[in-house]
Amino acid sequence: MKKVPLHVQILLALILGAAFGAFFSVDKNKLEITYKKNSDQVTESISKWTSASIIINDSTETTFNSNDQIAIINKFKHYHNSSQKSIKLVFEKEKRKLEYSEVIAVRKEHTLATYIKPVGDLFIRLLSFLAIPLVISTLIVGAASLSDFKKLGRIGLKTFSLYIITTIIAITIGMGLANVISPGTRIDPSSKERLMSSFKEESAEKAVETLDISIVDFFVEIVPKNPFDAISSGNMLQIVFLAVIFGITLTLIEKKKRNTVIEFFDGVSDTMIKMVDIFMLIAPFGVFALIAATIADFGFEILSTLIWYIIAVILGLFIQTYVVYGAMLKLIGRVSLKDFFLNIRNAQAIGFSTSSSAATLPITLDCVENKMKVNKQVAGFVLPLGATINMDGTALYQGVAAVFIAQVYGFDLTIVEQLTIVITAVLASIGTAPVPGVGIIMLVMILNSINIPAQGIALILGVDRILDMLRTITNVTGDAAVAVTIASTEERAKIAK
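Residues in the sequence shown are numbered from 2 upward in steps of one, following this note's numbering.
Calculated from the structure, these hints are not laboratory results.
Possibly wrong hints are sitting among the right ones.
Heads up, simulated DSBU-like pairs for lysine-lysine below, C-alpha to C-alpha not over 30 Å straight-line [said to hold, decoys possible]: (1) Lys-258 <-> Lys-151; (2) Lys-118 <-> Lys-49; (3) Lys-159 <-> Lys-331; (4) Lys-37 <-> Lys-4; (5) Lys-226 <-> Lys-258; (6) Lys-372 <-> Lys-275; (7) Lys-118 <-> Lys-78; (8) Lys-109 <-> Lys-49; (9) Lys-78 <-> Lys-89; (10) Lys-118 <-> Lys-257; (11) Lys-96 <-> Lys-78; (12) Lys-38 <-> Lys-109; (13) Lys-38 <-> Lys-89; (14) Lys-109 <-> Lys-152; (15) Lys-339 <-> Lys-256; (16) Lys-152 <-> Lys-257; (17) Lys-339 <-> Lys-275; (18) Lys-89 <-> Lys-29; (19) Lys-331 <-> Lys-258; (20) Lys-118 <-> Lys-98; (21) Lys-151 <-> Lys-98; (22) Lys-258 <-> Lys-94; (23) Lys-152 <-> Lys-94; (24) Lys-31 <-> Lys-152; (25) Lys-374 <-> Lys-4; (26) Lys-275 <-> Lys-4; (27) Lys-374 <-> Lys-339; (28) Lys-257 <-> Lys-275.
Turn these sequences into a full structure, and let the hints guide you.
Dropping the structure here:
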């Protein structure tokens with residue numbers, strides 16, 4: 002019997018996981034409450050309440066309606082994190098009151114779909130555990146193998162130029178679509194009020210998680226004080242710097258010793274890639290669990306509320322992924338678009354499932370080196386760098402989100418303010434970690450730069466997880482497209498000589 006290709010298995014896992022999550026979805030009118038009772042911790046479920054109140058030190062602080070599940074959870078977290086000593090929840094249900102004193106935790110209920118999420122988390126951890134040793138080994142080998150400093154400088158210049166140009170194009174596309182579609186003017190006041198209320202506390206927490214981007218500090222902090230600290234903390238920019246400098250310096254030592262070190266790291270790189278093949282055997286199960294848990298937790302209801310915003314983001318991501326990268330591959334790289342997009346499917350699927358460019362890096366390297374036959378030296382240099390500094394999907398989303406929030410608040414952005422968004426988003430996309438959810442923190446910084454209330458992120462937090470999955474597809478596709486394009490131009494230049 003013919004074996005089902007991995008990309009088909011992953012696609013089936015995505016579809017079945019979404020269906021499973023929808024069937025075993027979290028009840029939006031049900032809560033699990035953990036509280037102290039006679040020195041013991043007790044967990045009870047409550048559903049179908051008509052109203053609810055949070056009482057702090059015997060004083061009613063906030064009241065909620067029957068459909069305010071998320072608002073109740075976020076408000077409780079706010080009070081709990083602020084070290085309030087006595088938190089009581091009071092629910093009215095069927096003309097009677099239910100009181101819970103000394104509440105410890107309030108959360109959504111668990112369903113079968115959310116119970117299997119650890120399987121997906123394990124899959125992400127397995128891929129993440131490969132990322133740093135793979136980045137270090139491939140970059141060292143890549144930089145050391147490019148012993149011609151002129152060639153190394155040429156490839157480095159091409160890499161940075163294409164990454165910066167595609168990022169600027171992505172932001173421009175996002176802002177252009179947001180200005181044309183105007184999603185912020187299409188949201189009704191009641192929906193705006195409900196979203197702001199539900200995610201008020203979470204947005205307030207995110208609003209203080211700002212990123213201070215200084216050009217001078219950015220370049221200074223690329224250099225690690227302690228290389229082992231950079232590795233243990235997962236600081237990708239510092240790791241990239243360490244590996245590139247190490248690889249370049251290797252070319253200056255005695256050939257015999259140099260080859261020994263290169264062979265060692267080449268062996269490490271090959272071992273990591275082989276581990277990718279092994280870990281990918283459980284990819285369908287990990288993808289199924291991740292998608293099922295995401296759909297069960299977030300559902301589809303909120304999508305209808307923000308449909309025009311979602312359309313603007315998805316349309317922009319599609320244009321960037323298939324039109325912009327397609328044009329680059331065809332006009333500059335002169336490669337087959339059909340072959341490229343067929344060979345990158347596994348990386349796109351894993352990127353969608355994990356929402357992390359770093360976790361997907363081992364898969365991207367495997368696709369580019371083994372399926373697209375890109376020179377290992379080029380792939381080993383370009384892709385780890387891309388996973389760190391190239392976030393076109395995230396940058397595009399920043400452009401749409403910033404204009405959307407400005408429109409909701411009634412701000413008419415000037416050309417200067419829109420240029421500020423472009424510059425800030427480029428710097429932010431270079432200087433932030435390639436992990437899930439970082440886009441929201443980047444967005445806070447962008448909103449602050451144009452004096453738009455950062456609390457406006459509450460409008461989009463409900464759909465951020467799903468859109469994060471989609472924009473990671475663009476991020477990993479962009480990395481691969483640049484690597485293939487550069488490899489093709491280098492190959493043509495070599496033949497021309």
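So, going through the hints one by one against the coordinates:
Among the hinted pairs, Lys-258 with Lys-151 is consistent with the structure: their alpha-carbon atoms are about 23 Å apart, no more than 30 Å. Distance restraint check for Lys-118 and Lys-49: the Cα-Cα separation of roughly 26 Å lies within the 30 Å cut-off, and the hinted pair is therefore satisfied. A hinted pair counts as satisfied when its Cα atoms are at most 30 Å apart, and Lys-159 with Lys-331 qualifies at roughly 16 Å. Our distance criterion of 30 Å between C-alpha atoms is broken by Lys-37 and Lys-4, whose separation comes to about 54 Å.
With a C-alpha separation of about 26 Å, the suggested pairing of Lys-226 with Lys-258 holds against the 30 Å cut-off. For a cut-off of 30 Å, the pair hint linking Lys-372 to Lys-275 stands: about 14 Å separates their Cα positions. Among the hinted pairs, Lys-118 with Lys-78 is consistent with the structure: their alpha-carbon atoms are about 22 Å apart, no more than 30 Å. Restraint check for Lys-109 and Lys-49: satisfied, since their Cα atoms lie roughly 13 Å apart, inside the 30 Å limit.
About 13 Å separates the Cα atoms of Lys-78 and Lys-89, which keeps this hinted pair within 30 Å; it holds. Of the supplied pair hints, the one linking Lys-118 and Lys-257 is violated, its CA atoms being roughly 49 Å apart against a limit of 30 Å. Proposed proximity of Lys-96 and Lys-78 is supported: the alpha carbons are some 27 Å apart, at most 30 Å. For the given pair, Lys-38 sits about 21 Å from Lys-109 by alpha-carbon distance, which is consistent with the 30 Å threshold.
A C-alpha spacing of about 12 Å is found between Lys-38 and Lys-89, which places the hinted pair at or below 30 Å, so the restraint holds. Restraint check for Lys-109 and Lys-152: the C-alpha separation of about 55 Å exceeds 30 Å, so the hint is violated. Our distance criterion of 30 Å between C-alpha atoms is broken by Lys-339 and Lys-256, whose separation comes to about 42 Å. With a C-alpha separation of about 22 Å, the suggested pairing of Lys-152 with Lys-257 holds against the 30 Å cut-off.
With a C-alpha separation of about 26 Å, the suggested pairing of Lys-339 with Lys-275 holds against the 30 Å cut-off. Note on Lys-89 and Lys-29: the hinted pairing holds, with a Cα-Cα distance of about 21 Å set against a maximum of 30 Å. Restraint check: the Cα-Cα separation between Lys-331 and Lys-258 comes to about 41 Å, which exceeds 30 Å; the hinted pair is violated. At most 30 Å may separate the alpha-carbon atoms for a hinted pair to count; Lys-118 and Lys-98 exceed this at roughly 34 Å.
With a C-alpha separation of about 76 Å, the suggested pair Lys-151 and Lys-98 falls outside the 30 Å cut-off, and the hint is violated. Straight-line distance between C-alpha atoms of Lys-258 and Lys-94 comes to about 76 Å, which puts the hinted pair past the 30 Å bound. With a C-alpha separation of about 72 Å, the suggested pairing of Lys-152 with Lys-94 is violated against the 30 Å cut-off. Restraint check for Lys-31 and Lys-152: the C-alpha separation of about 61 Å exceeds 30 Å, so the hint is violated.
A threshold of 30 Å between alpha carbons decides the hint, and for Lys-374 with Lys-4 the separation of about 23 Å falls inside it, so the pair holds. Only pairs whose Cα atoms come within 30 Å are accepted, and Lys-275 paired with Lys-4 is accepted, the gap being roughly 20 Å. Restraint check: the Cα-Cα separation between Lys-374 and Lys-339 comes to about 15 Å, which is no more than 30 Å; the hinted pair holds. For a cut-off of 30 Å, the pair hint linking Lys-257 to Lys-275 stands: about 27 Å separates their Cα positions.
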